[in-house]
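Visitor: Here are the chains, one letter per residue:
2 protein chains.
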Amino acid sequence: MVVRPGEPLLAVDWGTTNRRVYLLEDRAVARTERDDRGVTAIRDFASEAADIRARFGDLPMLLAGMVGSNIGWRTAPYVPTPAGVGELAANLLRIDERTAIVPGVSTLAHHRPDVMRGEEVQLLGAVAAGLAPGDALLVQPGTHCKWAQMRGGRITGFTTAMTGELFALLRSHGLLAAQLTGEVSANTAFRQGVEEAKRRDLAASLFGIRAAKILGTRDDADAAAYASGLLIGSDVAARIDQAPDAEMFILSGPELGNLYIAAIEMHGRAASLIDSQTAFVAGILAIGNVFQ
Amino acid sequence: MVVRPGEPLLAVDWGTTNRRVYLLEDRAVARTERDDRGVTAIRDFASEAADIRARFGDLPMLLAGMVGSNIGWRTAPYVPTPAGVGELAANLLRIDERTAIVPGVSTLAHHRPDVMRGEEVQLLGAVAAGLAPGDALLVQPGTHCKWAQMRGGRITGFTTAMTGELFALLRSHGLLAAQLTGEVSANTAFRQGVEEAKRRDLAASLFGIRAAKILGTRDDADAAAYASGLLIGSDVAARIDQAPDAEMFILSGPELGNLYIAAIEMHGRAASLIDSQTAFVAGILAIGNVFQ
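Heads up: the sequence lines are chains A and B, in that order.
Once you know that position 83 of the first sequence is 83 in UniProt numbering, the rest is easy, because the numbers rise by one and skip nothing.
Once you know that position 89 of the second sequence is 89 in UniProt numbering, the rest is easy, because the numbers rise by one and skip nothing.
Keep in mind the hints are simulated off the structure, nothing from the lab.
Each hint should be verified, as a subset may be incorrect.
Same chains, same names: a pair is fine if it fits in one copy or spans any two.
Derived lysine to any residue pairs resembling SDA-like cross-links, with alpha carbons at most 25 Å apart [stated by the list, open to error]: (1) Lys198 to His144; (2) Lys213 to Thr156; (3) Lys198 to Phe167; (4) Lys198 to Glu48; (5) Lys198 to Arg218; (6) Lys213 to Gly86; (7) Lys198 to Asn70.
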């Protein structure tokens with residue numbers, strides 16, 4: 001596969017339920033589209049790739065995310081930590097001369113097995129673009145929140161927490177669901193949840209939401225914000241000491257990202273937002289340069 | 001209401017979905033029946049009580065559990081901790097001359113609001129029957145696991161953890177559900193879960209179940225036992241230091257109870273099982289004596 005200097009490149013961030021296609025020209029986004037054709041919606045990946053080229057141009061294509069998993073196009077084996085741009089580029093799964101999948105990353109750091117697929121491009125891109133230093137703790141909030149330790153610009157260890165999934169489960173099912181319908185913001189109730197989460201006793205803190213309703217000690221309209229504070233606060237409390245000397249960086253939109261920043265600041269630390277699309281593009285370009 | 005010395009008594013442990021009726025004669029169970037007529041199944045509690053008397057005898061009746069909540073017969077206001085037999089007997093909600101409901105207990109101990117309804121009878125009964133000392137940490141495993149501190153035979157504080165509910169949610173919904181179908185016993189995988197739970201980082205430890213499957217680091221048939229170890233272990237790790245000098249007592253059937261004992265022993269402490277029906281009967285008799 002050859003990407004000539006200056007030649008455009010197609011990059012696809014291809015997740016389980018969604019997909020974003022980028023047309024990259026002169027190291028910048030010339031055009032991008034997001035749709036719901038995640039890997040679970042696709043039967044024939046070759047014809048899907050042909051469709052993308054028909055719409056965006058007959059160009060080299062670099063794919064990342066669940067497209068490289070066992071529910072995707074083909075399985076790109078995980079690269080173990082420490083993993084940098086060089087390790088990922090050296091382990092691209094080549095589909096054909098002009099199409100390749102970026103591998104995911106696995107770790108046994110902290111004596112806990114963990115995996116990522118797709119997030120690694122953002123993480124390395126955040127450093128490549130100068131959005132974060134090469135030694136830092138990076139956070140990717142969401143259904144399965146990733147916390148990645150970067151050393152010398154490489155991913156040296158990471159932890160995934162089911163923070164968003166637990167919140168979604170609690171809002172949809174079980175005892176607390178009827179209480180968790182309110183808005184979530186970094187308000188007083190959210191901050192009380194973050195404070196409670198410092199106990200590191202999530203299953204009991206959650207029942208406190210029920211007890212507060214029964215005893216009337218909290219306005220029930222605040223229950224969802226409090227629960228969000230508990231869950232995000234648990235995530236932060238468990239990992240805040242992993243990078244004691246480094247600023248933290250949040251790869252996220254502002255809504256969720258600002259909740260994490262509020263929780264981190266309640267632990268006396270600082271964090272700033274990084275645009276995750278910018279980081280993804282920088283990561284793909286860095287990997288693509290080696291890949292050429 | 002008068003229960004003459006030696007006169008039989010009807011006791012009903014009336015929960016949300018189940019109910020157990022006891023005919024007590026000479027301080028012993030003459031007859032008992034369990035059915036699924038929990039409070040959510042009942043429209044007319046007066047006629048239900050009449051039915052019980054028609055079947056078991058026209059006797060004084062003491063009710064405990066959710067029958068005293070706002071979804072039950074009538075609301076018996078919570079008695080705050082510290083709460084002993086005297087406090088509960090003094091705050092019985094009298095329905096008529098021969099029928100009364102035992103109130104639940106509320107607490108703000110440990111700066112966390114909490115409530116119980118039904119469990120208090122077992123807790124006080126365990127001490128009244130000499131099954132546990134008056135100063136002890138008592139555990140009632142289940143959907144909402146209660147940990148009660150007893151001092152001088154009274155409930156001085158307690159914590160509820162959504163341990164069983166979280167396990168049920170994870171087994172029924174979400175990413176891990178398909179993995180959590182196996183048997184649970186205090187096996188090696190369960191013990192590994194208890195050990196992992198000492199990190200006090202539940203949301204991340206749970207994702208490790210997924211990662212272990214993807215990376216093939218644990219036989220997936222062991223995932224449910226590991227998850228149970230994580231959840232019970234989290235419960236134990238958060239509370240093991242609340243009674244550093246006291247043995248712990250588990251009010252539970254042997255299956256769940258032995259999982260808690262295994263987890264407690266992995267923290268270097270000891271616990272023993274108490275039969276919860278025996279404790280309930282002793283508690284009702286203790287409260288009923290004052291009640292006469």
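Visitor: So, for every hint listed, does it hold in this structure?
Guide: Tested hints:
no.	hint	in the structure
1	Lys198 to His144	both (20 Å within a copy, 21 Å between copies)
2	Lys213 to Thr156	between (44 Å within a copy, 21 Å between copies)
3	Lys198 to Phe167	both (18 Å within a copy, 22 Å between copies)
4	Lys198 to Glu48	neither (47 Å within a copy, 47 Å between copies)
5	Lys198 to Arg218	within (19 Å within a copy, 31 Å between copies)
6	Lys213 to Gly86	neither (54 Å within a copy, 27 Å between copies)
7	Lys198 to Asn70	neither (38 Å within a copy, 33 Å between copies)
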